[in-house]
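Engineer: Just so you know, we're using the working numbering here: the sequence shown kicks off at -13 and counts up by one.
Incorrect hints may have been included.
[Stated by the list, open to error] Keeping only pairs whose Cα atoms sit at most 35 Å apart, straight-line, the calculated DSBU-like set for lysine-lysine is: (1) Lys12 - Lys24; (2) Lys12 - Lys0; (3) Lys22 - Lys4.
[Claimed, not checked] Beta-carbon label-pair distances, calculated as ranges: (4) Gly19 - Val(-11): 13 to 21 Å; (5) Asn51 - Ser8: 17 to 25 Å; (6) Ser55 - Pro20: 14 to 22 Å; (7) Tyr64 - Ile3: 37 to 45 Å; (8) Glu63 - Ser8: 19 to 27 Å; (9) Arg67 - Leu45: 24 to 32 Å; (10) Val(-11) - Leu45: 36 to 44 Å.
Keep in mind the hints are simulated off the structure, nothing from the lab. Backbone N, C-alpha and C fix where the C-beta goes; we use that ideal spot for every residue, glycine too.
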Amino acid sequence: MRVYVGDLPEPYLKNRIKELTSEIDKMTFAWWGPAKQKGDFSYRIQGPSLIVEYAGQDLGGNPHNHLHSMYRDPTNEYGARLGK
């Protein structure tokens, strides 16, 4: 998860990692696509305060050439807690 929250400034980063770690047992992981490296694929990680989606699209024969990724904290829309 550090890949998605690692750009947060301290102390927000430390608090966010602590929050996500405490929710790990409530998170789910979903995979769509082939088990091997070829072809389109995506995954979703979802927990109480986390939604991550990642999609590799097979453009030009390599799904690693065109990527989409999204991170969201549904308990902190638009970073509202950062301003408090």
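Engineer: It remains to establish, for every hint, whether it holds in the given structure.
Structural biologist: Against the structure, the hints come out as follows:
In summary, the hint linking lysine 12 to lysine 24 is supported, as the alpha carbons are separated by about 30 Å, within the 35 Å threshold. Of the supplied pair hints, the one linking lysine 12 and lysine 0 holds, its CA atoms being roughly 20 Å apart against a limit of 35 Å. Under the criterion of a C-alpha separation no larger than 35 Å, the hint pairing lysine 22 with lysine 4 is consistent with the structure, at around 33 Å. A hinted range of 13 to 21 Å holds for the C-beta pair glycine 19 and valine -11, which are about 19 Å apart.
The hinted window of 17 to 25 Å between asparagine 51 and serine 8 is violated, with their beta carbons roughly 37 Å apart. For the hinted restraint 14 to 22 Å between serine 55 and proline 20, the CB-CB distance of approximately 19 Å keeps it satisfied. At roughly 21 Å, the beta carbons of tyrosine 64 and isoleucine 3 sit outside the given window of 37 to 45 Å. In this structure, glutamate 63 and serine 8 meet the distance hint of 19 to 27 Å, their C-beta atoms being roughly 20 Å apart.
For arginine 67 and leucine 45, the Cβ-Cβ distance of about 37 Å falls outside the hinted range of 24 to 32 Å, so the restraint is violated. A beta carbon spacing of about 22 Å between valine -11 and leucine 45 contradicts the range 36 to 44 Å that was offered as a hint.
Hints 5, 7, 9 and 10 from the list above are not met by this structure, while the remaining hints are.
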